[in-house]
Structure formats: C-alpha cells, structure tokens
Amino acid sequence: MTTATAESQASEPDDLDDVEESQLEFYAREIKDLVGVFSRTLYYCVRGKREKGDIAAQMYAIGNGSMFFMCVTMAFIGAIVAYQMGLQTKKIIPDMSLLGATFLKLQVRDLIASVGAMPLATRVGAGIAAEIGSMVVTEQTDALRMSAADPVDFLVVPRFIASVIMGTVVLCVGGGVGIFSGMLVAMVSFDVNPNTFLNFSMLTSGDVILGLLKMVTYGGTIAIVSSQRGLRTFGGSEGVGIATTEAVVGSLFGIIVWQFILSAIGYVLLPA
Amino acid sequence: MIKVHDIHLSFKKPVLRGVSLEVPHECIYAVIGPGAAGKSVLLKTIAGLLTPDTGQVWIDGEEVTFHDELKLAELRKKIGYLFQNYALFDKSVGDNIAFPLRRLFGNIGEDEIKERVAERLMRMSLPGFEDRNPNSLSGGQKKRIGVARATIMRAPYILYDEPTAGLDPVTSQRICNLIRDEAREQRSTVIVVSSDIQRLLSIADRVGMMLHGQLIFDGTVDEAFASANPYVHQFIRGETEGPL
Numbered sequence: 631m632t633t634a635t636a637e638s639q640a641s642e643p644d645d646l647d648d649v650e651e652s653q654l655e656f657y658a659r660e661i662k663d664l665v666g667v668f669s670r671t672l673y674y675c676v677r678g679k680r681e682k683g684d685i686a687a688q689m690y691a692i693g694n695g696s697m698f699f700m701c702v703t704m705a706f707i708g709a710i711v712a713y714q715m716g717l718q719t720k721k722i723i724p725d726m727s728l729l730g731a732t733f734l735k736l737q738v739r740d741l742i743a744s745v746g747a748m749p750l751a752t753r754v755g756a757g758i759a760a761e762i763g764s765m766v767v768t769e770q771t772d773a774l775r776m777s778a779a780d781p782v783d784f785l786v787v788p789r790f791i792a793s794v795i796m797g798t799v800v801l802c803v804g805g806g807v808g809i810f811s812g813m814l815v816a817m818v819s820f821d822v823n824p825n826t827f828l829n830f831s832m833l834t835s836g837d838v839i840l841g842l843l844k845m846v847t848y849g850g851t852i853a854i855v856s857s858q859r860g861l862r863t864f865g866g867s868e869g870v871g872i873a874t875t876e877a878v879v880g881s882l883f884g885i886i887v888w889q890f891i892l893s894a895i896g897y898v899l900l901p902a
Numbered sequence: 260m261i262k263v264h265d266i267h268l269s270f271k272k273p274v275l276r277g278v279s280l281e282v283p284h285e286c287i288y289a290v291i292g293p294g295a296a297g298k299s300v301l302l303k304t305i306a307g308l309l310t311p312d313t314g315q316v317w318i319d320g321e322e323v324t325f326h327d328e329l330k331l332a333e334l335r336k337k338i339g340y341l342f343q344n345y346a347l348f349d350k351s352v353g354d355n356i357a358f359p360l361r362r363l364f365g366n367i368g369e370d371e372i373k374e375r376v377a378e379r380l381m382r383m384s385l386p387g388f389e390d391r392n393p394n395s396l397s398g399g400q401k402k403r404i405g406v407a408r409a410t411i412m413r414a415p416y417i418l419y420d421e422p423t424a425g426l427d428p429v430t431s432q433r434i435c436n437l438i439r440d441e442a443r444e445q446r447s448t449v450i451v452v453s454s455d456i457q458r459l460l461s462i463a464d465r466v467g468m469m470l471h472g473q474l475i476f477d478g479t480v481d482e483a484f485a486s487a488n489p490y491v492h493q494f495i496r497g498e499t500e501g502p503l
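If you read the protein sequences in the order shown, they are chains A and B.
With the working numbering as the guide, the letters of the first sequence map in order to residues 631 to 902.
With the working numbering as the guide, the letters of the second sequence map in order to residues 260 to 503.
Derived from the structure by calculation, the hints contain no laboratory data.
All values derive from a computational prediction rather than experimental measurement.
Careful, some of the hints might be misleading.
[Stated by the list, open to error] Below, a list of computed lysine to aspartate or glutamate pairs in the DMTMM-like style, where the Cα atoms sit at most 20 Å apart: (1) B:Lys330 / A:Glu761; (2) A:Lys662 / A:Asp780; (3) B:Lys350 / A:Asp684; (4) B:Lys350 / A:Glu761; (5) A:Lys679 / B:Asp349; (6) A:Lys679 / A:Asp821; (7) A:Lys682 / B:Asp349; (8) A:Lys682 / A:Asp783; (9) B:Lys401 / B:Glu389; (10) B:Lys337 / A:Asp780; (11) A:Lys679 / B:Asp464; (12) B:Lys336 / A:Asp772; (13) A:Lys679 / B:Glu328; (14) B:Lys401 / B:Glu378; (15) B:Lys262 / B:Asp464; (16) A:Lys679 / A:Asp783; (17) B:Lys350 / A:Asp780; (18) A:Lys682 / B:Asp390; (19) B:Lys350 / A:Glu681.
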C-alpha cells in the first residue's frame with residue numbers, strides 16, 4: 631500500500647454513523663444559518679437604516695425582469711392544465727360547464743402560486759445569489775461591515791421586501807395570463823364559451839387568501855434562501871457559480887416544503 | 260498601538276498559527292510573505308472582520324477580540340481599510356468615499372462630507388471624479404479611490420491590503436508614496452500587507468514576515484535585510500534558490 635492510499639484510508643470515518651452525524655450537523659448548521667438570516671431580516675425590516683431608493687430599485691429589477699418570462703410561462707401552463715382537464719372531463723362526463731369553475735379554483739388555490747414560483751425562483755433566486763455572491767468574493771460585504779452596515783440590512787432586506795411584493799404582483803399578473811390562455815384553449819378545443827368558463831361560483835375567499843399567502847411566502851423564501859447562499863459564497867467565480875446553483879435548488883426545495891405545509895394548513899383552516 | 264497575541268484561526272485547515280505582534284503608535288508596519296501565508300487573514304482579524312479561534316487583539320489598550328457588531332462599529336470608527344479587490348460599491352465615486360462617514364458618523368453634515376470628499380479626491384490627484392462610476396476607472400484610479408475611502412475618516416489606524424497588486428511600477432510607487440505621506444500627515448498607525456517588497460520596504464518603519472500562518476520575523480527594515488533567517492533572506496532578495 632502506498633503512503634497516499636494509507637493516509638486517505640486513515641482519514642476515512644470508521645463507520646457510517648460518523649458520516650450520518652456530519653450530514654446531520656451540516657443540515658442543522660444550514661437551517662440555523664437560514665433562521666438567523668431570516669430573523670435578522672425581520673429585525674432590520676423594522677429597525678434598519680437603508681439608503682433611499684434601494685427597495686424601489688430591487689422591486690424594479692425583480693418585477694421588470696420577471697414579468698415577461700412569467701407571463702409566457704404561465705400562459706403555457708394555463709393552456710396545458712386547461713387542455714388536460716378538458717380531456718379528462720370529456721372521458722368521464724362529457725359536460726364542460728364546470729371546466730372553468732374547477733380550473734379557476736385549482737389555479738387560484740394552488741397552481742398560480744406553486745407552479746409560478748418555480749420559474750420565479752430560477753430567475754430571481756439565481757440573480758440574488760449571483761449578485762450578493764459577487765459582492766462577497768470582491769470583499770464588498772467586508773467593506774460594508776467596516777462601515778457598520780450589516781450586509782443583511784443593506785443587501786438582504788431590500789431584496790426580501792421587493793421579492794415579497796413583486797413576487798406576489800408578478801405571480802398575480804402571470805396567473806391572470808394563465809387563466810386567459812386556459813380560457814382560449816377551452817374555447818378552441820372544447821367549445822366552452824368564455825362566459826361559461828369564467829365561472830367563479832366554486833371560488834371562495836379562503837382559496838384567494840390561501841393563494842395569496844403562498845405567493846407572499848414563496849417570494850420571501852426565494853429571497854431568504856438565495857441571499858443566505860450568496861452571503862456564504864466562498865472562493866472566486868467558481869464559488870459564485872456554486873452559490874447560484876445552490877440558491878435555485880434550495881429555493882425550489884423551500885417552495886415544495888412550504889407548499890406541503892401551507893396546503894395542509896389550508897385544508898384544515900380554509901377547507902376547499 | 261495595535262497588539263496581537265497568540266492568534267490561532269482555522270478554516271478547516273489552520274491559517275494563523277500563534278501569531279503575535281505589536282505595531283507601535285505612528286509606525287508603518289509592513290507585513291510581507293509568500294501567497295497563502297495568512298497576511299490578509301491577519302489584517303481582517305485585526306479589523307474584527309474575522310474572529311480568531313483563540314488569542315487576543317488589542318487596539319488602544321482595549322481588547323476587541325470577541326466584540327459583537329455593535330461594539331465593533333465603535334472600533335471601526337478608528338480603522339480605515341483598503342481592500343485588495345478595491346471593494347468599491349456600485350455607486351458614484353463620491354458616494355463610495357463618503358460611505359464610511361455617512362454610516363459611522365451620523366452627526367456630520369452633507370456640506371462637510373462633500374467638502375471632505377473633494378479634498379480627498381484632490382489629494383489623490385483625481386479632482387472632479389465625484390460623479391464618475393468606479394467601473395469606468397483604471398486599476399490605479401480604483402486603488403486611489405480605495406485609499407481615499409480608507410483615509411476620509413482621519414482614523415488613527417489604517418490597514419492596507421495589497422495596495423499595489425496588479426499595478427504598473429510607476430503607479431505602485433505613487434500609491435506607496437501616498438500611503439507614507441498620508442500616514443505622516445495624519446499621524447496614523449499603518450499596517451500594509453503586500454508582496455511588492457522593494458517598494459513596501461522603502462516606506463516601512465518595521466517589517467514582519469509571515470510563512471505558513473506564523474510570523475517568522477519581526478524587526479526594522481535594516482534588521483530584515485541583515486537577517487540570517489534563510490526564508491527572510493531569500494524572500495527579501497527575491498532569490499529563486501533557497502528554502503521557499
């Protein structure tokens with residue numbers, strides 16, 4: 631056995647317990663860090679001293695940059711969902727009168743927020759992580775700290791507020807476009823009159839509240855997870871790339887976890 | 260006076276291994292050494308940007324090692340810092356230079372801030388650059404903007420991290436002269452980390468050499484040149500033959 635091999639074997643853990651423990655420690659540290667960034671963000675939302683125009687600039691960047699992308703994506707998703715619902719309905723009961731009503735309920739309660747948040751996470755999350763990550767590797771966050779400006783206050787809070795507000799706005803607009811495209815597909819493919827399709831009778835205030843709650847939560851999740859990854863960037867451009875990838879993966883994972891939690895809460899407190 | 264005692268710091272691997280040094284008042288202290296020796300990490304530890312695993316840092320006789328950010332804000336009023344990568348924000352040159360004043364000294368009026376920014380830019384031979392964007396400037400100009408930001412508070416301690424990295428010889432010498440003149444005029448205590456030894460030693464009062472996370476030499480410039488330590492001897496002379 632060569633010396634190098636012997637050394638590498640010597641450094642391996644004795645059993646799988648060690649590996650599992652270190653993995654657990656890793657995830658515990660990550661969650662602790664996320665909670666820390668989130669709590670500091672909430673604190674600085676109230677007590678921070680940011681510069682004028684920071685939030686507006688971030689709102690413009692997130693809203694303006696995502697609107698077209700979101701509208702196109704949601705148009706396709708609305709069309710696909712309406713078409714699939716129509717096909718299934720046709721097989722079981724060839725009565726399309728309630729197609730629009732069920733489509734609207736599904737969209738407002740669930741799909742606009744949860745499906746729309748995924749492209750939003752890739753677009754906004756990657757941007758936030760790359761921007762903050764670049765500032766970390768070029769020591770700009772250290773320069774902020776040397777001037778007693780907490781990077782969470784200065785960088786995360788404007789992005790968090792902007793992402794919550796503009797994430798909701800962009801998802802609402804994208805959702806409207808998705809409903810419109812679904813209506814067109816229903817009209818062309820299944821001869822459903824637009825007036826019949828736009829049937830809000832099954833939609834309750836609970837559906838709207840739950841949908842909006844999901845949008846706000848997903849907007850905040852994307853900003854917090856991506857900012858945390860950005861702040862933890864290490865190394866040069868490769869580190870920024872890793873942070874960006876982790877931000878998108880982490881945001882998507884966060885959205886799915888929140889989707890499960892909020893849906894479960896919704897079914898108890900705001901039953902469909 | 261800046262005093263560092265037995266600092267240990269690790270990022271998975273040890274980066275600083277028992278570093279101790281004292282920088283007397285109004286001294287220009289040069290920290291030299293090969294890459295990855297721990298020079299920049301030492302500077303950031305002194306500024307409170309990194310917390311050591313063990314050891315102490317004293318500034319003006321006060322131990323500042325494990326201060327929270329609130330207490331560190333008070334400490335940072337006393338410290339100007341030039342970062343290796345300029346660390347200029349995506350704001351105008353004027354706003355970059357004024358940033359520490361606005362954040363750390365809320366009682367200074369905008370008129371005085373503008374006056375001091377203009378004075379700094381004049382001193383850096385960049386008059387009228389207030390509204391320019393840092394992205395449109397050369398490396399040398401960015402460094403001078405960084406020096407202006409580091410010195411605008413008239414802080415008693417200034418830390419320079421690789422102030423001449425990537426600059427041509429003439430600009431490097433100008434930056435070094437600027438550092439020396441600023442230190443003498445403002446009577447500040449200065450630590451400069453650099454690999455540009457000849458230029459750095461021309462302005463330094465004392466010199467410390469770091470290697471593998473340890474301070475292997477601490478003395479005057481003359482003592483450094485006369486040192487029998489083979490690492491110091493080779494590094495200062497830039498010789499290819501030797502233990503490095």
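Of all the hints given earlier, name the ones this structure violates by number, lowest first.
-> 1, 6, 11
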